[in-house]
Amino acid sequence: MTFRKYLVLAGVTLCASIGDSLLSRGMKQVGNISLNHLSDVILAVINPSVALGILLLLGFFASYMTALSWADLTYVLPATSLGYVLLTLIAKFYLHETVTTTRWIGILLISAGVGFVTQGPALTHHPAKPQPHDAEYESASAREQ
Amino acid sequence: MKQAYAWGAIAAIVLASTTGDVLLSRAMKQVGDVGALWRQSGLWTVLKAILRNPNFLLGVVAMTTAFYSLLFGLSWGDVSLIAPASASLTFVTNAVAARIFLHERVDHRRWMAAVLVAGGVVLLAA
Chain L
1 MTFRKYLVLA GVTLCASIGD SLLSRGMKQV GNISLNHLSD VILAVINPSV ALGILLLLGF
61 FASYMTALSW ADLTYVLPAT SLGYVLLTLI AKFYLHETVT TTRWIGILLI SAGVGFVTQG
121 PALTHHPAKP QPHDAEYESA SAREQ
Chain C
1 MKQAYAWGAI AAIVLASTTG DVLLSRAMKQ VGDVGALWRQ SGLWTVLKAI LRNPNFLLGV
61 VAMTTAFYSL LFGLSWGDVS LIAPASASLT FVTNAVAARI FLHERVDHRR WMAAVLVAGG
121 VVLLAA
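Respectively, the protein sequence lines represent chains L and C.
Residues 1 to 145, numbered by my numbering, are exactly what the first sequence covers, in order.
Residues 1 to 126, numbered by my numbering, are exactly what the second sequence covers, in order.
Keep in mind the hints are simulated off the structure, nothing from the lab.
Don't be surprised by glycine CBs; every beta carbon is placed ideally from N, CA and C.
Selected chain L positions facing chain C (Cβ under 8 Å, derived; list incomplete): (1) 23; (2) 24; (3) 74; (4) 78; (5) 84; (6) 97; (7) 105; (8) 110.
Looking at chain L on its own, in the form it has when it is part of the complex (with noise of 0.2 Å):
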């Protein structure tokens, strides 16, 4: 792991989280939305935090993609789920919403989750053939290293 990938991480980790708070400022404007009226759905993309929220999910989305590039999926969403500490935060000092204890607890254990996930490989599943570009890969770390 370099320090770039750790910023391919981070990335994930800080994307997904204010993007979801955008997302969720935005629907509450919105208002609900009834089974009956689904297009309101598709028209909601129209709020300004809505589309900021969007935006910051397609940033994700890049720096998702990149990371399960080089890692294992069972490695990459436990290690971006600090997410949701960044999340309660934001949803109770900027969303107003209330946090009880109990979610703080549950926010605890999610980030022992990612404390135990993140001590191991990032990568546990090799191809069966041996990959030519293998060798190439770890001079190039080596170097940003």
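With chain L's structure known, arrange chain C on it following the hints.
Frame of chain L, contents of chain C only:
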């Protein structure tokens, strides 16, 4: 009734995004290390390789379904319930799906993480 809508949306998000995550992860493993490929052959080659991958396209369809379920859910429930509950449950279903479909070695460390996150989800919803 609002609660039922919120949990219905969570179920839809979990199903769609697990399918999407598995497909996207498979696609990106087929493409290979994006950073190395970019330095070697440029951004255009990377984008072409990703956009032409059928698993990627199917994954995007599944993720779009998950995204609209999320928008729908957020209009009914708190972001601090819907977003972590769906994403963390997805993490647990992903651990199972990644083992079966992606042949990732999900060791005790990763299962432990799955159990902790699952516990966290229960508490978030309480």
